[in-house]
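Undergrad: All chains should be modelled from the sequences, with the hints used to inform the complete structure.
Chains C and H are the protein sequences, given in the same order. At position 9 of the first sequence the residue is numbered 8 (numbering that gives the first Met the number 0), and the sequence of numbers has no breaks. At position 124 of the second sequence the residue is numbered 123 (numbering that gives the first Met the number 0), and the sequence of numbers has no breaks.
Hints are computed from structural coordinates only; laboratory data are not their basis. Glycine included, every Cβ here is placed at the ideal spot set by N, Cα and C.
A few chain C residues facing chain H, derived, Cβ under 8 angstroms:
#1 H6
#2 C65
#3 S66
#4 N77
SDA-like, lysine to any residue: derived pairs with alpha carbons at most 25 angstroms apart:
#5 C:K51 to H:T180
#6 C:K44 to H:Y103
#7 C:K97 to H:R229
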Amino acid sequence: MNRIENHPILTFPERKEIAFRFNGTDMIGREGDTIAAALHASGVKVLGHHFKSHRPRGFYCAIGNCSSCLMVVNGVPNVRVCVERLEEGMDVRQQDDKGVLP
Amino acid sequence: MNLEQTGVASSEHLNGRLPSEEQKMRGPYAVIECFEEIPCNPCVMSCAFKAILPFADINDLPFVDFDRCTGCAVCARICPGLAIFIVDESKDGEWGTIRLPYEYWPLPAEGERVMALARDGRPLGPAAVSAVLAGGRDKTPLVTLAVKKDRLQDVRGLRFLTAEEAAGRYDETGMPLDIDTSEEATIVCRCEGVTLAEIRALIAAGHHTVDEIKHHSRAGMGPCQGRTCRQIIMSELIRAGAADVDHLDPGSFRPPGGTVTLGQLAEGGLDETNR
Chain C
0 MNRIENHPIL TFPERKEIAF RFNGTDMIGR EGDTIAAALH ASGVKVLGHH
50 FKSHRPRGFY CAIGNCSSCL MVVNGVPNVR VCVERLEEGM DVRQQDDKGV
100 LP
Chain H
0 MNLEQTGVAS SEHLNGRLPS EEQKMRGPYA VIECFEEIPC NPCVMSCAFK
50 AILPFADIND LPFVDFDRCT GCAVCARICP GLAIFIVDES KDGEWGTIRL
100 PYEYWPLPAE GERVMALARD GRPLGPAAVS AVLAGGRDKT PLVTLAVKKD
150 RLQDVRGLRF LTAEEAAGRY DETGMPLDID TSEEATIVCR CEGVTLAEIR
200 ALIAAGHHTV DEIKHHSRAG MGPCQGRTCR QIIMSELIRA GAADVDHLDP
250 GSFRPPGGTV TLGQLAEGGL DETNR
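TA: Structure (C-alpha cells):
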C-alpha cells in the first residue's frame, strides 16, 4: 500500500474499505477515494498508454485537467478517474486507445 | 523579478530583518520571512521575550528586536506559514546552523545527509542534519542543518537525497543525470502526444500563432482542449521571439469550455444516466 499513514501534523481517520476491479483483478480502496487515488494506493502507477506513441502515462494533474488518466469505468470510456469517486463494485479498465462508446 | 510576480523572496527583502554583525555573534536569532499583510499574529503572541515588535494592527508585518531575541524557536514552531527560520552563526569557524520548519513524514535522522534547498526550491548541495525537534504542543518539527556561514541566508528548505544524488550522479542543478530532458522526450500536449521538439520546429518554420501550431500538430485538439499545452505553447512563442507578450493571441476557444459528453449535450445536463 502507498498511503500516507504517519504525518507530523495531520491525522487520518480509519475509512471503510471499498472493493472494485481493475483490469479484472480484485482491489480494495477506501471510502472517499477517487478511482485514481485508490489505484495509486494499490501500487498502479501506469494508468494507460498514449494511443499514438504508446508511451506509458502516469498520474499527472490529479484535478481533471489533463488527459493522462482516462479509463473505461463500468463500460464508459474516457472517464477522468482522478476526479471520479470510487464506488463499490466498480469495473475499471485501462484504456490505451481513444475509446469506443458502449 | 519582484516578490509579487515570483513569490520568491531575495536578499533585498531581508533588509531590516537581519541582526547587526555584533548581534549575530551573541547567539541564535529568528529570521522572519513574512512579506504579505495578512491578519495573523501567533508569532507576536507566542514570544515570551517580547522580541517581535508589537502590532498596531493585526495585518502588520512582524519585525524582530534582535537585542531581545534568544533564538528559542517558539515562533518558528507556531508560524502557520512556516516563514520563520532560526539561524546561529555565533560559533567560531566557517560553519553555522539553520533550523528549518519541516512538515513532512518521514523526518530525516540526525547525522543524515539531505539536500539543502534555496527559497525557490533550487538545490544548493548536500548538508548534514545535526538535530531534529518533533512532537510537543506546536507540532511543526524543526530540522537543524549544518551550513557554511556564507550560505546561511540562502538555505530555506530541505529534501531527501535521491538515489542518484546519494551516489553523486546529478548535475549542478540537482537534476539526476539519467533522466532524459531532451526536447524530443518532453511532451507539451499530453492528449495528442505532441513533443516540445515538434512545437519548436513549427515555430522555427514560421508558425507564430497558437492556432497555426494547433492546426499543424493537433496540439490542443484532444479531450482536454488545450488546458495543459496552451500556456506552454504561448510561452514558447514568447521565448522564441515569435510573439509579443502584450499582444499574445491565446487562440480560439470554442464551446463547450469544459469536458462534457455528447449525452450531456443532448440531454441538457449531467445526471446518472448520461454521464
